[in-house]
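From first to last, the protein sequence lines are chains A and H. Just so you know, we're using this note's numbering here: the first sequence kicks off at 1 and counts up by one. Just so you know, we're using this note's numbering here: the second sequence kicks off at 95 and counts up by one.
Since the hints were derived computationally from the structure, they do not count as laboratory data. It cannot be assumed that every hint is accurate.
Stated by the list, open to error - Just so you have them, the derived chain A footprint on chain H, three or more residues with Cβ under 8 Å: (1) 163–171; (2) 177–189.
As the list claims (entries may be wrong) - Lysine-lysine pairs mimicking BS3-like chemistry, simulated, CA-CA at most 27 Å apart: (3) K126/H with K21/A; (4) K77/A with K126/H; (5) K284/H with K213/H.
To be verified - Selected chain H positions facing chain A (Cβ under 7 Å, derived; list incomplete): (6) T130; (7) P134; (8) V402; (9) A410.
Keep in mind it's a predicted model, so treat the numbers as computed, not measured. Glycine is no exception: its CB is placed at the ideal position from the N, C-alpha and C atoms.
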Amino acid sequence: MGDVTPLWEVFIRPRNGLAHKHVGSLHAADEALALSAARDVYTRREEGTSIWVVRSEAIAASDPARAGENFDPAEDKIYRHPTFYKIPDDVGHM
Amino acid sequence: MYSQGLIGADSRTEETDEFLAAFQARIDAEEKIEPTDAMPEGYRRTLIRQIGQHAHSEIVGMLPEGNWITRAPSLKRKLALLAKVQDEGGHGLYLYSAAETLGVTREQMTEELHAGKAKYSSIFNYPALSWADMGAIGWLVDGAAIMNQVALCRCSYGPYARAMIRVCAEESFHQRQGYEIMLTLCNGTKEQKEMAQDALNRFWWPALMMFGPHDGDSAHSEQSMKWKIKRFSNDALREKFINATVPQAEFLGLTVPDPDLEWNAEKGGYDHGDIDWDEFWRVVKGDGVMNRERVQMRKDAWDNGAWVREAALAHAGKRAAKVAAE
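The shape of chain H in the complex, shown without the other chains (with noise of 0.2 Å):
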């Protein structure tokens, strides 16, 4: 999270093979890029992207749950969902910078979001519709987003990757939480239990989708490899989350929505059913239930927030000349 305007540095380069060559040999020896280094144009608009996207699912991923602040059913869950919507805000902002060290700036990335053209995790665009959502997204998306975030600390580029072990250190409060309401949920009564079950079925094929597409239909991830932006495949990551989950599913007493969910002893593992791709990528295109709202909130967050912005910065221009009149 060093600042990409701590030195003019010329970002162009000229990528001959030699220079490719020289950039792959430090990735491959293992050593962290830093903002100020020479990188292939790729490897910089790939973080760009990546990282945005991340920083902007971490935003987005306040809305359904800073919707329950006001109705959670204890002063002690209350202060858990406000402690976690909080850290939310707060690992957007460690990503915000780091993307920034590769030379995009705050503005344009929110400006991208805001426009459709910046993409953040599919799963935000589902509704949170019972309080047992909230249990469900803890265990489940944070689960799953964990998953992948402890992958990333490895990252080759390193302030993406400082970032992530700040955030993977921060987060797994979230998921145990959220696994002690569905705990005692299904140690409740039998509504309680159907609310836990019902939040299971909505969120279990959603959370399998936010590890992406299956590994042969997946755009960038063969170049992010080699690169070690990314540093295991979707399958491989999607598969160590079902087979860390289920058994926590059966320790609640729910049952996994999937009827083809099976242990298979010879590779250790679940063998599991059939992902719904064309709702994962009609969610991903912007006609998820909850899309248009959860960019609206961001876009009226945005406006209602400019005098804000504006004021402080007036506040700041006139006692700076205050200062320097003096």
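Isolated chain A (complex conformation) (with noise of 0.2 Å):
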């Protein structure tokens, strides 16, 4: 079979003004290809406005196994939220 077609990793803007969101993957041998398989792909209902394509190797990734030390500290940092400061109701919105 020989070398193995590298899978690509597909971002999507849905319209000017959005972020590009990933919506999935592809395998293709060069970003060309890769570009004009993730628009075959995954724009056939007008998904976007633009697309991009990035080989999946390249994409560093947080450890899941250390997803409670990393992100359970922000629980008990209620102070970093507008509700924890008390501000009379005569002070009006802010």
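Starting from two chains that each stand alone, build the complex the way the hints lay out.
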């Protein structure tokens, strides 16, 4: 079978003003073929105005085994939210 | 559809009672499982098998209809059929990607299909003999598939559920264009209406078989329901399909080919005749009319496309080497 066709992650901007969002993945030999396949596979119904493709192996991801230590501490930092601070109603909207 | 290659996660799990209980608790709390999460090996294997079969069904499902594109009776019908077959190709690709997040490769899945080790929906082993079959397939086969797939949108495995949401959004047109073909034939000449009836006669029972064996005979059902891979039983979905479809057949003025079909006011649904499970198992095990031809066509497509894959990789390799040398 020879070499395996590499995997790409596909990101689409639904319309200007919105960010590119991950929609899925596909296999392609190079970036031109990946873009062309992404157009066929992920934008058959006006899903977007712009496509990014990134080699899957080029993405660095956080370790799911460390999700606890990475993200749980934010839970008890309620002073980072506006509702933590008491402002009298008389002050009006702030 | 996140890449299984995002991190070098080790998928091995030590399946202690605590681990299995914690996993089941996440499922019971309706948490979605994502590719890099720890999961029992059985959960992983069940999903690889099910998503792989589902992907193969989409890809093999392109064949009976693809065969009619050049013979569609009008430009409108040809455009619709082209778009539908292209969608099915896309659906196969979403599903292969979802399966790949579980650590199986596209090449492995393809090889298993070609070797006859992986199954696909038995419905595609029936021939599409007349144009009316394009109507019956859209209406009944896609109708049954949607019934199944809507339930799978809530599957506990994130990438599968996301792929299903996309597939369902796209597939509603498939069923409607099929029903419209039936409607046109039924409002046409006597011969056209007979074609429509003949198509219904041949596809009704195979469509009911698409939901799989009765709950009691379904090998993987119980554990799959517990893991929320499946949300409804085979029989429950089949009943739902029958109740939705019989009035549609009546509207067309066609007769459902089941003499035992009768409205049961007490249960608020139809009673129906026995399904020929011998036929079902025969077709599943490879002895349907079209099994050999369908798999042969997939093999030929793979073999005849080998030079294209090789050329694209060689071109990409040479270009990368040139860029590196500059």
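Quick rundown of the hints versus the structure:
1. 163–171: Answer violated; 0 residues pass the 8 Å Cβ test.
2. 177–189: Holds, because 6 residues of the stretch 177–189 of chain H bring their Cβ atoms closer than 8 Å to Cβ atoms of chain A.
3. K126/H with K21/A: holds (19 Å)
4. K77/A with K126/H: With Cα atoms ~26 Å apart, K77/A and K126/H stay inside 27 Å; holds.
5. K284/H with K213/H: violated (39 Å)
6. T130: At 4 Å from the nearest chain A Cβ, T130/H passes the 7 Å test, so the hint holds.
7. P134: For P134/H, the interface hint is violated, since the closest Cβ of chain A sits about 16 Å away, which is over 7 Å.
8. V402: Cβ of V402/H sits 9 Å from chain A, so the hint is violated.
9. A410: With a closest approach of 4 Å, the A410/H hint holds.
The structure is inconsistent with the numbered hints 1, 5, 7 and 8, although it conforms to all the rest.
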